[in-house]
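Just so it is clear: in the sequence shown, position 122 is 1040 by my numbering, and no numbers are missing.
These are calculated hints, taken from the structure and not from any lab test. Cβ coordinates follow ideal geometry from the N, Cα and C atoms, glycine included. Check each hint, because a few of them may be wrong.
For each label pair, taking beta carbons as the anchor points, the in silico distance ranges come out as [as the list claims (entries may be wrong)]:
id, residue 1, residue 2, range
1, I1232, D1119, 34 to 42 Å
2, T1153, F1118, 18 to 26 Å
3, F1125, K926, 31 to 39 Å
4, R1139, N970, 56 to 64 Å
5, H987, K926, 17 to 25 Å
In silico PhoX-like links for lysine-lysine, alpha-carbon gap of 25 Å or less [unchecked claim]:
id, residue 1, residue 2
6, K1040, K1167
7, K1126, K1043
8, K1126, K1040
9, K971, K1167
10, K1170, K1043
11, K1126, K1136
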Amino acid sequence: MESTRSLKDKIFLVVKGLAMGAANKVPGVSGGVVAFVAGFYEEFIYSLQRVNKTAFKLLLGGRFRSFYHYVNGRFLGLLFLGMVISYFSVSKILDYLIVHYQLYVWSLFFGMILGSIYYINKDFKTWNRATVIALISGIVVGIAISLLDPAKENDNLIFVFICGIISVSGMTLPGFSGSFILILLGNYVLLLVDSVNALFDTIYDIFKWDFSFFNDPKRTRLLQVLGVFTLGSVTGLVTFSHVLNYILKHYKAITMATIIGFIIGSLGVVWPWKETVYKTDNEGTLVLDSVGNQIVENYHRYIPELTNQTFIAIAFIILGIFVVLALDWYGQRTQRITI
């Protein structure tokens, strides 16, 4: 697989990793959709499920080159490089844009998901009773998840590990937003904002040869939480990939229909016209997390009035659709693996 990739394709793979990392951090958007539309979803799942007993034998036996080739290491390495870069660059820019241009960001993602539904559905011809039921089930589950109320923040390490396993579903299962699942579990700010920022600050301090953070219990706790969350995410990523690889081989049509349903159901989460509802106590005072951030409780969705702002948002929706169509066009040119 690697020998057929040009330098441009490898650069684009890092860019796709950037897009997956950014998408995974946005509540309601699934990194798996990026993999699906960009044409490397099947290879992504295949490569992850190669992290198995044989791979560990090669690794423990010191056969690092064989291990690297066995797990499609260059593909995964470039992709994860993009994701890591994203968490310290693109995702921070995205955080800023969501705060200052929330309507337009959500509109762009809404359009991209609409385009994704078209993209996935256009080549799917296996409609029958079973796949229609799978489609409806996926839609119902997607909508139901969007209507759930979030839990309270919990930094118990066992729970954090479970959060890692569950949240990574957004990378392997298109339509399931891992970051939105973290909001429902009450740990979005803790795991994707506070702990990531703590790691960024720590790396910055180390470059300055400043190790005073060892005496900061809050910082060390956040780093510990991030480490456990990362371990849970890796565990979930490998586990889900094995399950999905089996399902795609034996129940491909039903799986595809369910994924389409998940993505349709997720439209409610990324509906652009909504107000963020923050958690308050019985007296109406905002409840803050351990480091002083407001805690998202849910979203209040509404139908917009026809204003200039609304028309600009619609333009961003159209732009989002064209972004997906452009990815499809690029994928056809490079003769990507079709699903």
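Evaluated hints:
I1232 and D1119 have their C-beta atoms about 39 Å apart, which keeps the hinted 34 to 42 Å range intact. Against the hinted window of 18 to 26 Å, the Cβ-Cβ separation of T1153 and F1118 comes to about 24 Å, which satisfies the hint. At roughly 32 Å, the beta-carbon separation of F1125 and K926 lies within the given 31 to 39 Å, and the hint holds. Checked against the given bound of 56 to 64 Å, the beta carbons of R1139 and N970, roughly 34 Å apart, lie outside it.
Distance hint for H987 and K926: a CB-CB separation of about 22 Å, consistent with the stated range 17 to 25 Å. Taken as a hint, the K1040 and K1167 pair is honoured in the structure, with Cα atoms around 21 Å apart against an allowance of 25 Å. With a C-alpha separation of about 58 Å, the suggested pairing of K1126 with K1043 is violated against the 25 Å cut-off. Among the hinted pairs, K1126 with K1040 is inconsistent with the structure: their alpha-carbon atoms are about 53 Å apart, more than 25 Å.
Our distance criterion of 25 Å between C-alpha atoms is met by K971 and K1167, whose separation comes to about 20 Å. Between K1170 and K1043, the direct Cα distance comes to roughly 12 Å. Compliance with the 25 Å bound is thereby established for this hinted pair. For the hint pairing K1126 with K1136, the CA-to-CA distance comes to about 20 Å; that is within 25 Å, so the pair holds.
Of the hints listed earlier, those the structure fails to meet are numbers 4, 7 and 8, in rising order.
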